[in-house]
Each structure stands twice: as structure tokens, then as C-alpha cells.
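*Asks:* Residue numbers (my numbering), protein chains in the order written: chain A, 1 to 249; chain B, 1 to 249; chain C, 1 to 249; chain D, 1 to 249; chain E, 1 to 249; chain F, 1 to 249.
One or more hints might be untrue.
Intra- or inter-copy, both count: the list cannot distinguish identical chains.
Derived DSS-like pairs (lysine-lysine); straight-line CA-CA distance at most 30 Å [to be verified]:
| # | residue 1 | residue 2 |
| --- | --- | --- |
| 1 | Lys180 | Lys131 |
| 2 | Lys130 | Lys96 |
| 3 | Lys131 | Lys103 |
| 4 | Lys180 | Lys164 |
| 5 | Lys180 | Lys103 |
| 6 | Lys130 | Lys180 |
| 7 | Lys130 | Lys102 |
| 8 | Lys180 | Lys96 |
I should point out that these hints are in silico values taken from the structure, not numbers from a laboratory. Predicted, not measured: the structure shown is a model, and the values here were computed from it.
6 protein chains.
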Amino acid sequence: MTETEATHPATEGTDETHAEGFVLTGIDGLDEMLGRGVPAGHIITVLGSFGTGKTTFALQFLMQGLINGEKGIFISLEEEPDSVIANAASFGWDLKSYLKEKKLHIVKLEPADAKSTVTRIRSELPDFIKKSGASRVAIDSISLLNMLFADDQERRERLFALCKQLKSTGATCVFTAEVKDDNSRSSRDGLVEYVSDGVIGLRFNERENGDVQLVIQVIKMRRLRHPRSVKPYSITDQGLEVHGDMEVF
Amino acid sequence: MTETEATHPATEGTDETHAEGFVLTGIDGLDEMLGRGVPAGHIITVLGSFGTGKTTFALQFLMQGLINGEKGIFISLEEEPDSVIANAASFGWDLKSYLKEKKLHIVKLEPADAKSTVTRIRSELPDFIKKSGASRVAIDSISLLNMLFADDQERRERLFALCKQLKSTGATCVFTAEVKDDNSRSSRDGLVEYVSDGVIGLRFNERENGDVQLVIQVIKMRRLRHPRSVKPYSITDQGLEVHGDMEVF
Amino acid sequence: MTETEATHPATEGTDETHAEGFVLTGIDGLDEMLGRGVPAGHIITVLGSFGTGKTTFALQFLMQGLINGEKGIFISLEEEPDSVIANAASFGWDLKSYLKEKKLHIVKLEPADAKSTVTRIRSELPDFIKKSGASRVAIDSISLLNMLFADDQERRERLFALCKQLKSTGATCVFTAEVKDDNSRSSRDGLVEYVSDGVIGLRFNERENGDVQLVIQVIKMRRLRHPRSVKPYSITDQGLEVHGDMEVF
Amino acid sequence: MTETEATHPATEGTDETHAEGFVLTGIDGLDEMLGRGVPAGHIITVLGSFGTGKTTFALQFLMQGLINGEKGIFISLEEEPDSVIANAASFGWDLKSYLKEKKLHIVKLEPADAKSTVTRIRSELPDFIKKSGASRVAIDSISLLNMLFADDQERRERLFALCKQLKSTGATCVFTAEVKDDNSRSSRDGLVEYVSDGVIGLRFNERENGDVQLVIQVIKMRRLRHPRSVKPYSITDQGLEVHGDMEVF
Amino acid sequence: MTETEATHPATEGTDETHAEGFVLTGIDGLDEMLGRGVPAGHIITVLGSFGTGKTTFALQFLMQGLINGEKGIFISLEEEPDSVIANAASFGWDLKSYLKEKKLHIVKLEPADAKSTVTRIRSELPDFIKKSGASRVAIDSISLLNMLFADDQERRERLFALCKQLKSTGATCVFTAEVKDDNSRSSRDGLVEYVSDGVIGLRFNERENGDVQLVIQVIKMRRLRHPRSVKPYSITDQGLEVHGDMEVF
Amino acid sequence: MTETEATHPATEGTDETHAEGFVLTGIDGLDEMLGRGVPAGHIITVLGSFGTGKTTFALQFLMQGLINGEKGIFISLEEEPDSVIANAASFGWDLKSYLKEKKLHIVKLEPADAKSTVTRIRSELPDFIKKSGASRVAIDSISLLNMLFADDQERRERLFALCKQLKSTGATCVFTAEVKDDNSRSSRDGLVEYVSDGVIGLRFNERENGDVQLVIQVIKMRRLRHPRSVKPYSITDQGLEVHGDMEVF
């Protein structure tokens with residue numbers, strides 16, 4: 001066993017493009033918790049049950065880039081482009097203008113047509129990211145993408161390969177991921193949280209009197225010292241807003 | 001990877017028909033909690049254990065439309081049409097007159113005859129909805145429908161395809177779904193809650209002294225800011241009634 | 001997809017025979033909780049762990065009919081006819097005289113001989129019910145019957161078909177069903193509670209000091225508004241007796 | 001479907017031999033809880049984790065019969081005859097004299113030689129019981145016996161057939177059964193508790209300070225009204241002793 | 001079915017060699033709890049999670065014999081002989097001298113070479129024990145040994161056969177066994193605790209302030225009345241030491 | 001069965017090289033808890049959920065060696081060499097200089113290319129370790145490595161073989177391992193904790209008010225008496241730091 005060639009350039013290579021900088025998520029309160037946002041080039045998994053605002057997180061992350069003049073790609077496995085656009089519009093985010101200017105691309109992958117979808121992702125995604133010049137990519141959701149694969153073995157290999165391809169593009173990525181069970185902190189596949197550079201958990205916190213509070217936690221963030229405390233957040237007219245100064249009840 | 005053609009029209013298309021408006025569920029107290037009901041064209045999953053009134057919810061939703069002059073379809077996998085009609089009659093809802101006027105259609109699918117059922121759903125449902133002019137569709141229950149499919153892979157693909165077809169019709173849909181376990185907030189298949197636009201949970205809340213309270217929660221509703229608090233509801237002579245001003249015990 | 005023909009007559013048909021009336025279960029205190037008993041023609045599942053008196057419930061339900069001059073059928077998968085008769089005798093119910101007068105039929109199905117049992121049930125049961133003139137049928141237990149089938153798919157299809165056949169006879173049915181786990185409110189197959197019109201749960205409630213209380217709950221009853229509170233019951237010399245005025249401890 | 005012939009004789013048959021009488025278990029305090037012991041001819045399952053004294057219960061039950069002049073059979077799947085004898089001797093029960101007089105038979109079945117064991121049980125056990133004149137039979141444990149069978153389907157059919165054969169002999173039987181999990185009230189196979197006429201549960205009750213109390217509960221006993229309270233018991237020099245007047249801690 | 005021949009000699013046979021006597025485990029405080037140690041010829045399973053000192057227990061048990069002039073065999077599936085020796089040395093137990101004198105034998109079985117290992121165990125172990133004159137045998141761990149077998153059926157048959165062979169040698173045996181889950185009292189295979197004559201549980205008991213206490217419990221010990229209380233123990237420079245006079249916190 | 005030849009040399013062999021000494025982990029506070037670090041030649045598994053700093057632990061362990069003039073190998077299955085280097089740099093550890101001097105080797109194994117990876121590990125790793133002169137090896141993570149294997153049987157055999165090969169090199173190894181579930185103390189494969197010489201657990205401890213504390217526990221350490229208490233730790237600018245004098249909250 002000799003060291004892989006890939007290692008040598010790495011040890012001397014420069015990684016200024018995507019390892020030195022930070023990118024803001026655009027989530028009010030979260031960027032403050034993290035300091036300067038998340039490390040550029042990271043793959044961040046947003047992990048939560050349905051109804052916790054994972055898609056909104058992904059859209060808000062892309063909007064932050066669009067406002068900054070960056071380009072973005074939203075890869076949807078759940079909602080049709082129409083629905084994504086309407087969803088964003090309900091937060092006052094006008095995706096249509098960015099779509100027209102080719103600053104944003106919405107790609108719908110059909111889970112009902114697994115084979116061709118998988119083939120397209122493998123062969124075309126990295127090129128598409130590079131050609132489009134996107135520096136932010138969202139996949140909503142990685143869990144549905146993983147379900148396209150026939151078995152655990154294939155799922156693992158594809159997920160690893162996808163992450164590697166995405167990392168090679170230098171773009172910062174947000175994956176939304178479904179949890180295994182109601183109150184779990186494990187994803188449905190139990191893998192994506194390990195291969196991601198960062199994991200942000202979204203959960204319900206239920207009070208005895210029937211109130212329900214949404215809470216967020218930065219569980220993992222490679223190359224960044226970060227608080228691990230659980231903080232309440234709301235889904236407002238402007239998207240997610242983390243209340244870093246509030247206690248959970 | 002180039003953007004799908006489907007995306008382009010979407011970005012310019014108009015979605016007035018089913019994205020701008022709202023439809024009332026007809027559930028007293030729930031429409032108030034949501035503001036103006038649910039977004040038109042949404043697929044809403046009503047998720048709960050047996051005995052929580054899921055079928056009643058679906059019927060009440062259709063009745064609200066019938067009263068407004070809309071047309072509806074009730075796709076039943078559990079009860080025979082007779083039983084559905086008698087069930088509705090026990091709440092004072094006279095389905096027979098609407099059936100005669102072809103404003104309501106009750107379709108019984110036979111879980112005991114899986115193959116032909118599946119074939120009919122695939123090939124005929126979208127057309128049937130469009131021809132009938134129905135703007136509200138209820139499937140009771142999506143869990144039994146999912147069980148018709150041979151394996152997880154097929155289940156996923158069919159469910160995605162069904163949702164897409166339903167969305168294409170512009171009708172607002174209510175799916176009833178069974179929970180995985182007694183107190184779970186996951187559906188039996190663990191999928192429908194993710195592909196639906198909205199999820200409303202119905203649950204039992206048991207007191208120490210033996211009283212049992214039914215409670216409702218809007219867990220997810222795309223494109224709508226909504227309270228996530230848990231509220232008691234009753235099943236009365238007029239159907240479900242949510243007590244938005246009561247606390248759970 | 002056109003409406004099934006079966007639907008049309010239903011919408012105009014009369015369902016006086018089995019949808020308008022109510023039948024008493026014969027369980028003291030339970031009929032009072034329900035008002036007038038259970039809707040005639042319903043399939044009622046009595047769901048509980050071993051030792052909760054499910055078989056006694058089923059026998060008591062049949063006895064109530066026999067006393068009223070109705071005919072009944074007891075389909076046993078657990079106990080031999082001898083044992084059923086002796087069991088009933090221990091509650092003072094003399095089944096032998098009814099058996100002689102052909103007002104009661106006890107049918108033992110052999111779980112050890114799955115294939116012929118299944119064949120007989122499919123081909124002969126509906127006719128047998130109609131010919132015997134039985135208006136009450138008990139299957140003890142539906143869980144053991146379900147176990148006869150080879151896999152989940154077959155189990156589902158057979159259970160649906162059986163329920164449909166039973167409904168077509170107009171008889172009111174009681175199924176006893178085993179729970180999945182100790183404290184579960186799900187049946188062993190997780191299906192029968194959804195396809196039944198009513199579900200009555202029987203459970204153990206254990207006190208710290210070692211006392212154990214049996215408690216009953218009407219969890220589901222289509223077409224009937226009913227309390228959902230949990231009430232204690234006893235197994236006395238006269239069968240089950242629900243203490244509707246007592247609190248659980 | 002016509003009634004089985006087996007039913008007709010049953011309705012007229014006499015079941016004096018094994019349905020009228022009661023047999024004492026020989027467990028101090030338990031017979032008092034039950035009143036007069038267990039109904040003769042019943043199959044009683046003693047359900048508990050390892051270390052709760054299930055084998056001792058079975059031996060004590062046989063000893064009570066031997067002392068009364070009855071004959072007994074001990075079918076062992078766990079311990080060798082030597083070990084059974086030594087085990088009994090440690091409670092002061094001298095099995096050797098009864099073995100010599102042919103009043104007791106110890107049969108060791110080899111789980112390691114599944115096929116021949118199963119064959120022997122099927123073809124020879126009922127005859128062996130009848131020829132030996134045994135009125136008490138213990139199988140230690142039914143869980144290990146069930147494991148001999150290849151799959152769930154076979155397990156079910158064999159268990160039902162075995163119970164039917166045992167019932168036909170008129171002997172009262174004690175099965176010991178292992179629990180599924182630590183604190184479960186379900187047996188390893190989840191079946192034997194339903195096909196048995198009676199179930200007696202043995203469990204550990206652990207105190208905060210490290211004390212552990214053994215507790216017993218009569219969970220089910222067909223044809224007998226019985227208390228369901230949980231009571232402490234000890235394993236003393238004379239076998240199991242139930243403390244019916246003590247509370248659990 | 002006739003009684004097995006094996007039964008007859010047993011009923012008359014003498015079992016002085018390994019049934020009358022007791023052997024000390026060498027664990028300070030445990031032998032006192034048990035009275036005189038464990039019955040000779042017993043198979044004792046030491047059940048616990050990793051880090052509870054199971055291997056140390058097994059070594060200490062062998063050392064006690066070596067000090068008494070008995071011979072022993074340590075069958076290792078986890079650690080290499082080197083490591084076993086070093087491990088023992090860290091407790092001041094000099095295995096090397098005993099190995100040289102052929103009073104102790106360490107046999108390493110390779111889990112990586114399943115087939116030949118299984119063959120060797122079956123054909124050679126009983127003879128090896130008899131020839132070596134060992135009266136104490138430790139298998140560390142039985143869980144890893146069980147994993148060598150292809151399926152549950154084979155696992156059961158082999159484990160039963162192994163136990164029978166070991167019993168036939170008259171040696172007292174200690175099996176170490178891994179637990180199924182963190183806090184379980186079930187072994188990984190769920191079998192060994194039932195076929196063993198004794199089970200001693202080792203567990204972690206965690207305090208709120210971060211202290212962790214090791215606790216021991218004699219859960220089962222055939223032919224011996226024993227306390228079932230849970231007691232703290234330590235792993236000291238001299239091995240395990242049970243604090244029979246301390247309470248758990 | 002005769003003793004394996006491997007045993008004989010072992011009993012006389014000298015194990016000074018890797019059994020007598022101790023190596024510091026470099027984790028502040030942990031080495032103090034352990035006394036003198038961990039025994040040289042041990043395989044230490046660092047077990048924890050994502051976000052607990054397992055990779056940081058492994059890097060810190062290697063850095064400690066590099067600072068001492070030892071050589072090290074980091075085998076990565078998760079992160080690319082670039083990312084590993086950047087990750088280390090964020091703690092002020094400059095791996096590049098050591099890589100240039102060939103004192104550190106980073107080997108990236110591709111989970112997406114299972115077969116060749118497995119082949120390389122088997123045939124080349126031991127030699128590579130010996131030739132490089134590395135006395136410290138980290139595998140990040142062993143869980144991902146285990147996933148490369150097709151089934152449980154192969155996984156077990158490979159893991160055992162790998163451990164044996166690693167032990168033969170005399171190097172001290174750190175494996176990072178993922179937990180099975182959120183709060184579990186079992187690894188994903190449930191095996192590595194048993195075959196390792198030491199296990200160090202990393203966990204989240206969540207407070208009611210939303211604060212989250214990281215806690216560490218030395219669960220197992222062969223040949224070393226060690227405290228088992230749970231202690232808080234932080235991930236600081238200099239890596240992991242254990243607060244041995246603090247209580248967990």
C-alpha cells in the first residue's frame with residue numbers, strides 16, 4: 001500500500017478557493033451562532049422531521065447567495081418547480097427573476113423514474129454545477145435521492161461518490177435529510193450525517209399544555225468550533241429565524 | 001445535466017388556478033387555526049391511529065366543497081359505498097342527493113384484487129378527476145393503497161407518481177394515513193408525510209383517570225405560516241370540531 | 001376510471017336490514033357506554049392481550065343474541081368445542097341446549113391444517129351463515145386465522161375478502177384479536193383494527209402495590225358518537241361487567 | 001361449511017374426567033390464590049426470564065402429584081436427567097424412588113438432533129402419556145421445543161397439534177416458557193400464551209438499592225375467576241413459595 | 001416414546017464427582033454471596049457489556065483453580081495468547097509458569113477461519129479437556145464462538161451440543177457472553193443464558209454526576225438458593241472484588 | 001485439539017516492544033485520567049455519534065506522536081486528504097510539514113470502490129505500516145471500513161483479521177467508530193468494541209435549558225485499572241480537552 005497520488009498534490013495544493021472562506025447561511029441568528037457562517041465548500045446536512053422547515057432552510061440558503069450575486073442550483077426530489085417557486089414566493093423570495101437571469105436553476109428529479117435519474121445525476125451533475133458557475137447547491141432531499149438506490153451497498157457507494165463529486169466542484173452544499181424516527185437524531189439512511197462536513201438538526205419540542213416549539217442545534221461542523229446548545233427558532237414571513245438569546249422551554 | 005423542460009414553463013407559467021387560493025377544510029376551528037384553510041391544490045395527509053376520525057375528516061372536507069357547489073370524489077379502500085353513505089348520514093350529511101346529481105362520486109377500490117386496482121388507478125384516475133370536474137379528492141386510506149404494492153421500491157415510485165398526477169389535476173386532496181405505531185408521528189409507510197404538502201396529526205391523549213382526549217396538530221403546511229400547537233377536538237353530531245381555545249390536559 | 005357498478009345500487013339501495021338498527025353486546029355497562037349497543041351489521045374487533053377475557057366477551061355477545069331468540073355461530077381457532085362449552089358453563093351459560101336446537105353452531109377450525117381450513121372458510125362460510133340464519137358471528141381469534149396465511153400480502157387480501165363476505169351476510173360480528181406487544185394498542189397483524197367498524201380495547205392496568213385492574217376502552221365505532229374514556233371492568237361469575245362509574249386507578 | 005363432526009359428540013359428550021376437577025399446583029400460596037388449584041386437563045404456561053424458577057415450578061407441580069399418588073412425566077429440553085434429579089434433590093425432592101417405581105418418567109429430548117426429536121414427539125408422546133398413566137406432564141421448556149421447528153408456520157402448526165394431543169390425554173400440563181425480552185410479558189414465540197388455558201408470569205422486580213424481588217402473577221386461567229394481582233414469591237429450600245399477603249415493593 | 005437409556009443409569013448413577021461439590025470462583029465477595037462458590041460441573045455464563053471485566057472474571061476463576069492445584073484451559077476467541085498473558089500479569093497472575101508446567105493451556109481460536117475452528121472444537125475439545133485433566137474451562141467469549149455459525153438453527157444445535165460435551169467432562173466452565181444491547185439482561189444470542197446452569201450479570205450503573213459504578217448480580221444458579229440482590233464491585237489490582245456489604249447508588 | 005503453536009512462543013516470548021510501555025493520547029486531561037496514557041500496541045476504539053470530535057481525537061493522537069518524533073499513518077474513509085489537512089490546520093496542527101518529511105502518511109480509501117479497497121487493505125496495510133516505521137495508526141472510521149464488506153459474516157472475519165494484523169505490527173491504533181443509535185453505547189457493527197483493547201466513549205449530554213455538554217468515558221481498557229466516571233470535555237482551538245475535575249450536569 002502506497003499513498004494515493006491524490007494525496008500528494010493535496011499536501012502541497014492550495015485550497016484557498018473553498019477551504020479558507022466562510023459563507024453565510026442567510027438564517028438569521030444561525031450565522032451569529034456559527035460566527036461567520038459555514039466553511040465554504042462544506043456539505044451541510046439539515047436533518048429534521050417533516051414540518052420543521054428543511055426546504056425553507058435550503059431555499060433561504062440559496063437566496064442569501066443570490067442576493068450576494070452568487071449563482072445557485074436547487075435540486076428537488078419532492079416538489080415540482082412550480083411548487084418550489086410558490087413556496088419561496090410565500091416568503092417574499094422572487095425566484096422567477098433569478099431563473100430568468102440563469103442565476104438560479106431548479107432541477108426536478110423524478111423519484112418515479114429511478115434509473116434514468118441516477119444516470120443523469122452521476123454523469124451530468126458535476127459538469128452542470130461547474131458550467132452554471134453555481135457556488136451554492138441544495139438537494140431537497142438527500143433521503144429521497146438515497147431511496148432511488150436498490151440496496152444499502154449501492155446507497156453507500158453512490159452517496160460517497162456524490163459527495164466527492166460535489167466537493168470537487170468547490171460549491172457549498174445543503175442537503176435536507178429526513179430523520180429515521182420521530183425523535184431521532186439519525187437520518188433515514190444513517191449515513192449522510194457521517195459523510196457531511198456539518199449537520200444542523202431541526203426538531204419539535206412539545207410542551208405539556210400543547211404548545212410546540214421548533215428547536216435547532218448545530219450538531220457537527222468540521223473545522224469550526226461552534227456552540228452545541230439547542231435554540232428555539234420560528235418560521236416567519238421571512239423564513240427561518242433562530243432565537244439565539246432564548247432558552248428552550 | 002440540463003434543466004428539465006418541465007422547469008422552464010413553470011418558471012414563467014401562471015399558477016393562479018391552484019397556488020394562489022385557499023380552500024376551507026370545513027373542520028370548525030381548524031380553518032381558523034390555519035387562517036383561510038389550506039392552499040388550493042395541496043395534498044393534505046391526515047395522519048392518525050384508528051378511531052381518531054380520519055374518515056370523518058375526509059368526508060367533512062368533501063361536504064364543505066359540495067355545500068360550496070364544488071364537485072368531489074371519495075376513493076375508499078376500507079368501507080363499502082353503502083357504509084360510507086351511512087357513515088356520512090350519521091353526521092347529517094346526505095351524500096345520496098349529491099351522488100344522484102353526479103356532484104359526488106364514491107369509488108371503491110378492492111384491496112383484495114390488487115393488480116387490477118393498481119392498473120385502474122394509474123390509467124384512469126387523473127382523467128376521471130378531470131372529467132368529473134372534481135376540485136376535491138379524498139383517498140381513504142393512502143396506507144391501504146400503498147399496501148397494494150409489492151415492495152418498498154414499487155411503493156415509493158407509485159406514491160410519487162400518484163402525487164404528481166393528482167397535483168396535475170389542480171384538485172385539493174385529502175389522504176388519510178395510518179400511523180406506524182400507537183403513539184408515532186410517522187405514517188405506516190414513512191413516506192407520505194414527506195411527499196404531502198401538508199400533514200395534520202390526530203392523536204389520543206390519555207389521562208391518568210381514564211379520560212381520553214382527542215388532539216389535533218398541524219405539523220406541516222407548505223407555503224403557509226401556521227401554529228404548531230396541539231389542540232383538543234371532538235367528534236360531534238356534526239363531525240370534527242377543533243377547540244382552538246382549549247388547552248390539552 | 002368510472003364508478004364501479006357496485007356503487008350505483010348502493011347509493012339508491014336501502015340498508016335498513018343492517019345499518020339502521022343496533023344490537024346489544026350483552027356486556028353490562030358497555031351497552032350503556034355505547035348508548036344502544038353497537039350498530040347492526042358492524043364488525044367489532046375486541047383487542048387485548050391474553051387473559052383479558054376476549055373469548056368471554058365473544059361468548060357473552062352470542063349469549064345475548066341467543067337469549068333474544070337470535071341465532072349465532074362461534075368460530076373457534078383456539079379452543080376445542082368441549083372447552084368452549086365448559087368455558088361458557090363456568091359463567092352459567094348453557095350452550096348445549098342451544099346447540100341441540102341448532103340455534104348455536106360451534107365450528108372448530110384447525111390451525112394445524114392451514115390449507116383446507118382456508119379453503120373451507122372462503123367457500124363455505126358466507127353460505128353457512130346465511131343458511132343457519134345467524135345474526136351474530138364470533139371469530140376467536142382473527143389473529144390465529146390470519147396466521148394461517150403465508151405472507152402479508154395474502155393476509156391482507158384474505159382479511160379484506162372475509163370482511164366483505166361477512167358484511168354481505170348482514171350479521172353482526174365480533175372478532176377477538178391479539179395485541180402485537182404487551183402494552184400495544186395495535187393488533188398482531190396491524191390491519192384488523194383498520195378494516196373493522198369498531199374496536200374495543202381490553203388492557204391490564206398495573207398498580208405499584210401489585211394490584212392489577214382490567215380496563216376497557218371503545219377506541220373506534222363507525223357511525224356512532226361514543227365516549228373514549230377508559231373504564232375498569234371485571235370478569236365475574238356472569239361474564240364481563242364494565243364499571244362505567246368508576247375511575248381507573 | 002358444515003359443522004365439524006367433532007362438534008356434535010362434544011355437545012353431548014361428558015367431560016367429567018378432566019373438566020370438572022381441579023388439581024393443586026403444590027406451590028404454597030399459589031393454590032390459595034387460585035382457590036382450588038388449576039382446572040384439571042388445563043395446559044398452564046409458566047412464563048418467565050432465566051433465573052425465575054420456572055424449572056422448579058414444573059418439578060414442584062410434578063412432586064405434588066407424586067405425593068398424591070399420581071404419576072408424572074418430565075420432558076426436559078435443557079437439563080440432562082442427572083441434572084434434573086440433582087436439581088430436585090436440592091429441594092429435598094427424591095425423584096429417584098419415584099423413577100424406580102415407574103411413577104415418574106424423565107425424558108430428555110435433544111435439541112441438537114432436531115428431526116428425530118420432532119418425529120418422536122409427534123408419534124410417541126400421546127401414547128406414552130396414556131400408557132404411563134401420567135396425569136401430570138411438564139415440558140421444560142416449550143420455547144426450546146419450539147425452536148426445533150424450521151419456521152414460524154411449522155412452529156405454529158406443531159404447537160397447535162401438540163396442545164391438541166395433550167388435551168386429548170386428559171393430563172394436566174405445565175409448560176415452561178422463556179420471555180421474548182427482559183421485561184416482556186410475551187413469550188419468545190408469542191404463541192404459547194394464547195393457546196394455553198392458563199398463564200402464570202414470573203418476573204424480577206428490582207429496587208433502587210439493589211434488592212431484587214421475584215413476583216408472580218396469574219395472568220390468564222380459562223374457566224376460573226382469579227385475582228390478577230402481582231405477589232412476591234421466594235425460592236426456598238422447599239421450592240417456590242408465594243407470599244399472597246405481602247405487597248410488592 | 002420410551003424413556004431414553006441415558007435416563008436409567010442416571011437415576012441410579014452416582015454424581016459425586018461433579019454434582020455434590022462446590023468450587024470457589026475466586027472472586028472476593030462473590031463466593032461469600034453464593035455460600036460455597038458454584039456447584040461443581042456447572043456451566044456459568046458471565047454476561048455483560050464490554051468493559052465490565054468479563055475476561056478478568058474468567059482468568060480469576062482459572063487462577064483460583066491453579067492456586068488450588070487444579071488444571072485449567074482458557075479458550076480465547078478475542079485476545080491472542082500474548083495478550084491474555086499480559087492481561088493476567090497486570091493483575092499479578094503469572095500464567096507463564098503454569099503454562100510451562102502444562103497446568104494451564106491457552107487455546108486461541110481464530111474467528112477469521114470459521115470452518116476449521118468449528119471442526120476442531122467439535123472433534124477435539126472434549127478429548128483435550130479430559131486428557132489435560134482440566135477441572136476448569138473458560139471460553140472467552142461464547143458470543144464470538146456462536147457467531148462462527150452460519151444461522152440461528154446451527155447456532156442452537158452447536159451450542160447445545162457443546163454444553164452437553166462440556167458437562168460430560170465434569171469440568172466446571174465459565175463462559176463470557178456479550179449482551180444484546182446496552183442495558184439488556186439478554187445475551188447477544190438470547191440462548192446461552194437458558195442453557196447455562198448459572199448466570200452472573202455484570203453491568204454499569206451510571207450516576208447523574210458522572211460516576212459510574214460496576215454492579216454484579218447472580219441472576220440464576222441451578223441447585224443453589226442464592227441472593228438475587230445487585231451489588232457493587234470493583235476491578236482492582238487483584239482482579240474483581242464484590243462489595244457485598246455496599247448498596248448500589 | 002492441541003494447543004496452537006502460536007501459543008508456545010507466546011508463553012515464552014518477550015513482549016517488551018509493545019506490551020510494557022504506555023503511549024500518551026495527547027488529549028489533555030484524558031492521559032491524566034488513564035495515568036500514563038494507553039498501553040502501547042493497544043487498539044483503542046473512540047466511539048461516538050457524529051459531531052462528538054472523533055476525527056479530532058484521532059488527529060490529536062497522531063500529532064502527539066509526531067511531536068514526540070514518532071511516525072504516524074492516518075487512514076481516512078470519510079474525508080479527502082485536503083480536508084483532513086485543513087481540519088487539522090484549524091486546530092493549529094500543521095500536517096503538511098510532517099507529510100513532506102514522510103513522518104506522516106494520509107491514505108484515503110474510497111468506500112465507493114469497495115473491492116479494490118478491501119484488497120489493498122488486506123495485502124498492503126501491514127507491510128505499509130512496517131515499512132513506514134509508524135508507531136501510531138488511526139483509521140477514521142472503522143465503521144465505514146466495515147460497511148465495505150458484503151455481509152455480517154465477512155465483516156466479522158475481516159475485522160478480526162485486520163486487528164490481528166495491526167497487533168502484529170506493534171503500532172498503537174485508534175479506530176473511530178460510529179454508534180448504532182443516538183444514545184447507544186454500542187457501535188454500528190456491535191463488534192469493534194469487543195475486539196478492541198480499549199473503548200473510549202464520546203457522547204452528548206443535553207440539558208433541559210438547551211445547553212449541550214460533551215462527555216467522555218473510558219469504558220474499557222485492557223491491562224489497565226482506570227476510572228469509569230463520565231467527564232465533560234470541550235473541543236477547543238487546540239483540540240479535545242477533558243475536564244477531569246468537573247462534574248457532568
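*Asks:* Determine for every hint whether it applies to the structure shown.
*Replies:* Structure-based check of each hint:
Proximity of Lys180 and Lys131 under a CA criterion of 30 Å is satisfied in neither setting, with 35 Å inside one chain copy and 40 Å between copies. In the homo-oligomer, the alpha carbons of Lys130 and Lys96 lie at most 30 Å apart both inside one protomer (22 Å) and across protomers (29 Å), since each shortest distance falls under that limit. When the C-alpha separation of Lys131 and Lys103 is checked against a cutoff of 30 Å, the pair qualifies only within one copy, where the shortest distance is 12 Å, while the shortest distance between copies is 40 Å. Taking the shortest Cα distances, Lys180 and Lys164 sit within 30 Å of each other both inside one copy (24 Å) and across copies (25 Å).
Taking identical chains as interchangeable, the C-alpha atoms of Lys180 and Lys103 are never at most 30 Å apart, the minima being 34 Å within one chain and 42 Å between chains. Proximity of Lys130 and Lys180 under a CA criterion of 30 Å is satisfied in neither setting, with 33 Å inside one chain copy and 37 Å between copies. In this assembly of identical chains, the alpha carbons of Lys130 and Lys102 lie at most 30 Å apart only when taken from the same copy (14 Å versus 35 Å across copies). For the homomeric pair Lys180 and Lys96, neither the shortest alpha-carbon distance inside one copy (34 Å) nor that between copies (39 Å) is at most 30 Å.
Hints 1, 5, 6, 8 from the list above are not met by this structure, while the remaining hints are.
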